[in-house]
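Can you make the complete structure from the sequences, with help from the hints?
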Amino acid sequence: MRVADIVSLTEGVARLVSDGDAVALEGFTHLIPVEAGNEIIRQGRRDLTLIRMTPDIVYDRMIGAGCARKLIFSWGGNPGVGSLHRLRDAVEHGWPVPLEIEEHSHAGMVNRYIAGASGLPFAILRGYVGTGLMDHYPESVATVTCPFTGEDLVAVSALNPDVAVVHAQRADRSGNVQLWGIPGVQKEAVLAADRGLVTVEEVVDELEPVAGQVIIPGWVVDCVAEVPGGAAPSYAQGYYDRDNTVYVAWDAISRDRDRFAAWLDEHGMPPAGVRASASEPGGGDQAGVRASASEPGGGDKTGVRASASEPGGGDKTGVRASAGDRA
Amino acid sequence: MSADYSADEMMSVAAARALHDCTSCFVGIGLPSTAANLAVRTTVPDLVLIYESGTIGTRPDRLPLSIGDGILAETADAVVGVPEIFNYWLQPGRIDVGFLGAAQIDRFANINTTVIGADYEHPKVRLPGAGGAPEIAGACRRVIVVVRQSLRTFVEQVDFITSVGYGSGPGTRERLGLRGRGPVLVITDLGMLRPDPQTCELTLEAVHPGVTVDDVRAATGWDLRVVDDVATSLPPTDEELHVLRDLQARTSRA
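Protein sequences, first through last, are from chains A and B.
Everything in the first sequence is counted per the numbering used here, starting at 1 for the first residue and increasing by one.
Everything in the second sequence is counted per the numbering used here, starting at 1 for the first residue and increasing by one.
Since the hints were derived computationally from the structure, they do not count as laboratory data.
Even glycine gets a Cβ: it sits at the ideal position worked out from N, Cα and C.
Some clues are possibly wrong.
Derived coverage of chain B by chain A (criterion: at least 3 residues anywhere in the stretch with Cβ under 8 Å from a Cβ of chain A; other residues may be distant) [what the hints assert, rightly or not]:
#1 59-69
#2 76-85
Residues from chain B that keep clear of chain A, each with C-beta distances beyond 12 Å, as calculated [claimed, not checked]:
#3 D8
#4 V44
#5 R142
#6 R173
#7 P197
#8 A218
#9 L224
#10 E239
#11 L247
#12 A249
If you anchor each label on the Cβ, the simulated ranges turn out as follows [unchecked claim]:
#13 S118(A) to P92(B): 18 to 24 Å
#14 T245(A) to A118(B): 33 to 39 Å
#15 R255(A) to R217(B): 32 to 38 Å
#16 E74(B) to A249(A): 22 to 28 Å
#17 S6(B) to D256(A): 27 to 33 Å
#18 P197(B) to S118(A): 54 to 60 Å
If you want it as structure tokens, here you go:
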């Protein structure tokens, strides 16, 4: 039986996440794959369609760093704090690149994942009717008539990301993943996606059962990377608590383009307009990045636009082939 | 005596009291969460608190900053996934009260948490969006809204309908097939409003102590209807204030 490869986070992202991919980093407050998001920024991915029910500060960073061309979501805020300022800047002012959005309700998004995981083209729910969401996204929300009762219900189209990225407490050496506490929508996201990358607090010889556990078998996951603390500043039940101070501090950092650029620089992340070389996983040419990051406001916008003008960029065929090899 | 309290404290206390006959409550984060947690410590000790993160029957010892804080899972009767909380628990109409906040609310209690500005594609302000609210507003047996009242929040017509109140008036909810009753009470820092049983229009029913009807009119973006004999809310008791402040103190220490 196929097992997941245990790899470094750098290798996992390099292997599974390509420019132009539809990527779902899921986690519902708990177990948010923050370090994986940071690594995607470091590797300079571009033109991503980011999918998540609750994009929080991870997606704010990725959007501000110019990784995304589209966001599919249902609630985009800094929980308990306020706005996501990089998201707002992208939507309200097109900075650093224009961001297309597609928004849903939580019930709609979760059912879209369920349809994706179930191999169905759409899911049915009672929702959306009478709201503005129904009018704006006919490509993913429509009415459908029940063949048995004749009742009108709402259909939402399936979500099938190219890659799902989630964080969990533990995995064994075959890549069987174990998570507990608030389980969110992680299992559905992994099963809906073509490829799965899971970061874990620790890789262990044997998974000791835990009450309320969810197991994601290794044979539906491509890569597992051990990243202790990989969900911080969110939390991992049984390992560490949510660090609310980071969420509060993010408000001031993200409010200002220059402070945000300085934050990226401090964390070895290239700003929008600077491409880390994909062939050098782990962040590319640091010297080049630093030089350009010292230009306040985030570097060469022209460069960004040029690359954003190639929709769906990146060689997906190559990626698919390599994912298939491991299957 | 409890002469010194803020308008926000009055609002939270009034909102907690409003849950007195509630059996289960789907709790939004922010003001609703504060009031619901106050309610279980004062008026309704056996109230079932449900957060959209999948925590059912939770009893946090402090206010959670997010809807999925660890304390919610650790103290819950049951922790379920997001698919289950929306499909099995919310959708069938099992939950008594949906407790929501709003960025804008209009005459017919429609709620906007999506964008400010008439042009959706080019919003003046991009708000967080829908979250669980549209289906909470549709499926819970009734909805209670808690929101600070001002000309910014109380508008003639919301810029975007994120969650349906009474749509364009009587008959809208029935036509849309929404199974819950919709908003039955709106609690603000100035007073309390209920939909008129005939017109569905939000009507001022009570003011908080020290607030006049004219104050409320001045903070409302439409020609506000007022019941004939407006009540005045009872001020917070010492006990209510003590419990609320203790809850907030424990929250800021955490």
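Taking the hints in turn, this is what the structure says about them:
1. 59-69: Holds, because 6 residues of the segment 59-69 of chain B bring their Cβ atoms closer than 8 Å to Cβ atoms of chain A.
2. 76-85: Result for this restraint: holds, n = 5.
3. D8: holds (16 Å)
4. V44: holds (24 Å)
5. R142: holds (17 Å)
6. R173: violated (8 Å)
7. P197: holds (20 Å)
8. A218: The claim stands: A218(B) keeps its Cβ more than 12 Å from every Cβ of chain A (closest is about 27 Å).
9. L224: Non-interface label stands for L224(B): nearest chain A Cβ at 24 Å, farther than 12 Å.
10. E239: holds (27 Å)
11. L247: For L247(B), whose nearest Cβ neighbour in chain A is about 15 Å away, the distance exceeds 12 Å, so it holds.
12. A249: holds (15 Å)
13. S118(A) to P92(B): 18 to 24 Å: Holds, at about 20 Å.
14. T245(A) to A118(B): 33 to 39 Å: With a Cβ separation near 38 Å, T245(A) and A118(B) satisfy 33 to 39 Å, so the hint holds.
15. R255(A) to R217(B): 32 to 38 Å: Since the Cβ atoms of R255(A) and R217(B) sit about 35 Å apart, the hinted range of 32 to 38 Å holds.
16. E74(B) to A249(A): 22 to 28 Å: holds (25 Å)
17. S6(B) to D256(A): 27 to 33 Å: Holds: the Cβ-Cβ distance is about 31 Å, inside 27 to 33 Å.
18. P197(B) to S118(A): 54 to 60 Å: With Cβ atoms ~44 Å apart, the hint is violated.
Consistency note: the structure conflicts with the earlier hints numbered 6 and 18.
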